[in-house]
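Taking the hints into account, I'd like the entire structure generated from these sequences.
Each chain, written out:
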Amino acid sequence: MLKTFKIGGVHPCDNKLSRGASIEILPLPAKVVIPAAQHIGAPATITVQKGDRVKVGDIIATASGFVSANVHASVSGVVQAVDMQKDAMGIARQSVTIAVEGDEWNETIDRSNDLITECNLSPKEIIDKIAAAGIVGMGGATFPTQVKLSVPPGKKAEFLIINGVECEPYLTADHRVMLEKAPQVLVGIRILCKALGVNHAFIGIENNKQDAIEHLTKEAASYPGITVVPLKVKYPQGGEKQLIDAIVGRQVPSGALPIDVGAVVQNIGTALAVYEAVQKNKPLFERVVTVTGKDLATPKNLLVRIGTPISSLLEYCGGIPDSTGKIINGGPMMGRSLCYPEAPVTKGTSGVLCMNEQESLRETDTPCIRCAKCVSVCPMGLEPYLINVMSRKKMFAELEEHKPTDCIECGSCSFTCPAHIPLLDRIRVAKSEVMKIIRSRK
Amino acid sequence: MNETLLFTILTLCALGVLAAIILYFVAQKFKVYEDPRIDDVEGMLPGANCGGCGFPGCRGMADALVKADNLDNLYCPVGGSATMNSIASYLGKAAVEKEPQVAVVRCSGACDKRPKTNHYDGTKSCVVAASLYAGDTACSWGCLGLGDCELACNFDAIHINPATGLPEVDEEKCTACGACVKACPKMIIELRKKGIKNRRVFVSCVNKDKGGIARKACSVACIGCGKCVKTCPFGAITLENNLAYIDPAVCKLCRKCVAECPTGAIHEVNFPPRPVKTETESTSEQKKSTLSEGNNPTRNEQKTETQE
Amino acid sequence: MDKKLIVSPSPHIHSNTSTSKLMSDVIIALLPAFVVSIFFFGFNSLIVTAVSVLSCMLFEWLISKYLLKKKPSLTDYSAALTGLLLAFNLPPTLPLWIVVIGALVAIGIGKMSFGGLGCNPFNPALVGRVFLLISFPTQMTSFASTKAVDALSGATPLAFLKEAVKSGKPLSELMGYFSYGDLLMGDKSGSLGEIGAAALLLGFVYLLIRKVITWHIPVYILGTMFVFSGLLWLIDPETYLNPLFQILTGGAILGAVYMATDYVTSPMNYRGMLIYGVGIGIITILIRVWGAYPEGISFAILIMNAVVPLINKYTRPRRFGMVKAK
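Each protein sequence line maps, in turn, to chains S, F and H.
The first sequence begins at 1 in the numbering used here and counts up by one.
The second sequence begins at 1 in the numbering used here and counts up by one.
The third sequence begins at 1 in the numbering used here and counts up by one.
Any given hint could be a false lead.
Covered stretches of chain H, going by a simulated chain S footprint (3 or more residues, C-beta under 8 Å) [said to hold, decoys possible]: (1) 4–11; (2) 18–29; (3) 112–120; (4) 267–281.
None of these hints come from the bench; they were simulated from the model.
All C-beta atoms in this analysis are idealised placements derived from N, C-alpha and C, irrespective of residue type, glycine included.
Below you can see the structure in the form of structure tokens.
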């Protein structure tokens, strides 16, 4: 019996179209737009000016607080502008535009392909190096990694959990990384273990990625302390709390953090970035992005520089299909739809998904038939139907006891609702309103 | 037989007396004194329970009015000065004079002025859309047109005009309770003083983007050029973050700024029409829109006449 | 690209279930029992069912169009399902005008007066059935017999035994009239759809496979009935019926699997379903053993329907992280 999380969950069709496509390097674009805020927390402070010449890996914005992350140039060339640029959601944000000239890397970066397994740095030095490289959670949450690794005093990490679940349909970026960069990932995990001072790391992989499970199990044999845990396929297993529950059977209480049950969760992509940052001095300026869609000519997994316009990724995979109705930044369950395809790839972009018009439009909602399917699929054990109704009636004060703040926005409720009610839309509003109430009380 | 009857009557009487004694002491113990004036004041309030005063319903307001030492911060926007004065004289306190206000929608990016750049397909609610993204036009500040203000209004005073996609305030019905102001996630609606003969001049735009970007997104946006600031003889207009704002307390309704605004972002309301000096294409188009709105007598809005 | 992109909040995909698909799945699940019914009762059952379904749909259409001024939503098949379930709860020989009245009460009072689909507190088909049972007791309790056993004279097995026990006959003598095989296959007198226990269970399996309902409510109800009546049977097997007999007769399976699990009128979480199921089970046996009616599950479901809002208010689903927090 394979492990999985205990409450709720759904089974969307996985549609992993690009499963077999090896990671390709996307040719450099003509210019990149790098936003200063690509992570959760305070936006980084931009340190370059118009006209400055930068190399790949040069720092262009520094972290402006504890929860913040450095940003590096992903290309070499001249800074064309430092101004407000619209992000994928159409909201203007501070960004650096760089016109690409050649591909000259910062000299400190080790560009060789040799695997360096030894790491003699102290935990503090490792965390500092990770912070300097501007690494954030690569699964999409983009929480600065150094903050997650700095265990607060009085708490103790017991094990590291690596998220290789990739439960979002369509996405295959982590899957390909596990297949193609297994040794690097494993060294990265060892470094993360050292930084946290833990001896055990579990890599959770759903068993629809049989090849990755076999490959990593084989490779991990030479790295003591790392165990590969095959998991039953169920969405949203990639959720931090769900993954901890699935692998070690501990449930993070409401309002608490994974560290409260002794766990730290990191993504496969993050482990790779950590390896590159610590062993190769390479900051986070490129990432693997799945470019996919049913009507797309050739779905691919691409190694892309941060700031590349999403349209050029699609162009490389055969162009935006005429039938496209919606382009999604991320997977279809939690990804956000783009306002315009020129938006840049950021540190959190795990996939780009083209949906055709037919798939894109929502069906009209019909009355709630109280089937309780939303309640039974909610992985947090909430009552989506109730939160939806109360949110519509603006009963936010009364809503607090129903814990909309626990919602992880996985979308299982809206996904499963037979009446096509967009439950999550209003639950999100309830979540932010209740957050405001809680914060105002403090 | 008689004994049974007697016994029953006695038992019942004893129980009744006992219950009365208990009730008496309990009532004494838990007695809550409530000022009878609260009921009277509540009766004088409009009873709309809109929350415009900041209290949960009219009773909450009545309670606050009776308990307050002075009425400086208490004002019922629905009842207005008349209600406040009568309550104040009843309570023997001094009422604050406040000018009647009205809700003003500060966005005129109608469908034809502000082209759509994407198609929104989520829940029909401004709050939901605003939490998701900038909006379905290139202007990330303007009205989303999904009608949260309309739903929030208890007085049937604000409606989305399907032709423009923008909300319109019915000045007769608007009580300035502020429900729509709170409901709007883009903070477009403002309470402004009604003005003499309901005449008002205001900047109908909240776009803080730079001029070029704003204009590209919407042909009637405030581009922050500052012409109005220079024109205003009273210094009522300030320019901040590429956006002009007319202070209603200082504005003398001279309307000079309206003529000066290159995009027509400054609106004048309820003024008698003035003679048109030059007829350019843009003015005739705007006149047409004035005419189409003319059949609504309460809302006689004059669009700006641009003279270039 | 000139085309405007569509923007909407996540999730961007849907499981493709819909109200109409769920409803039609329930209708499909009821088909085997319908076939059994036609086999034993013949043309009558077909006519009664057709009249019930069509009049339910007609009333739904008329009421939503002319009284509620809403767009009629016959396409979600909920009215058809109500009609089918109502027919399953009626004697196959019932005069058709009574069937039409039942449909009017079921749809008009049971469903539409509360605002239509999703708003009704009581199972509409049962509202219709119970209304008829109280208003037309003679017609509603005269059943055509499937078997030429004189002793039964058209009474349902439970009604027959109840009368017999009252007149002081020991049960062990009477049980010889029935065989479990007949009860399972449907060779007994009773309401149109309740007789084929095996066919109804087949439909239950279909519903479970299609994930239309979960096992909770039916199992809780039947389990409670089994345990409760089993206890009574152990106390005195001559007065009280054995538990298996209780479950196979009197529409227990039809009620537990198809009526009590009605989405709208059942609780919203598994804990609530436990209270609801156990409640129905206990009330059913109470009515059967000590009440005036021989069957009782209709009343039990309606009584528990009334409690559902309260159950929903006071039961919460198991929250994530609550285990450790205690």
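Check each numbered hint from earlier against the structure, then list the numbers of those it violates in ascending order.
-> Those not satisfied: there are none.
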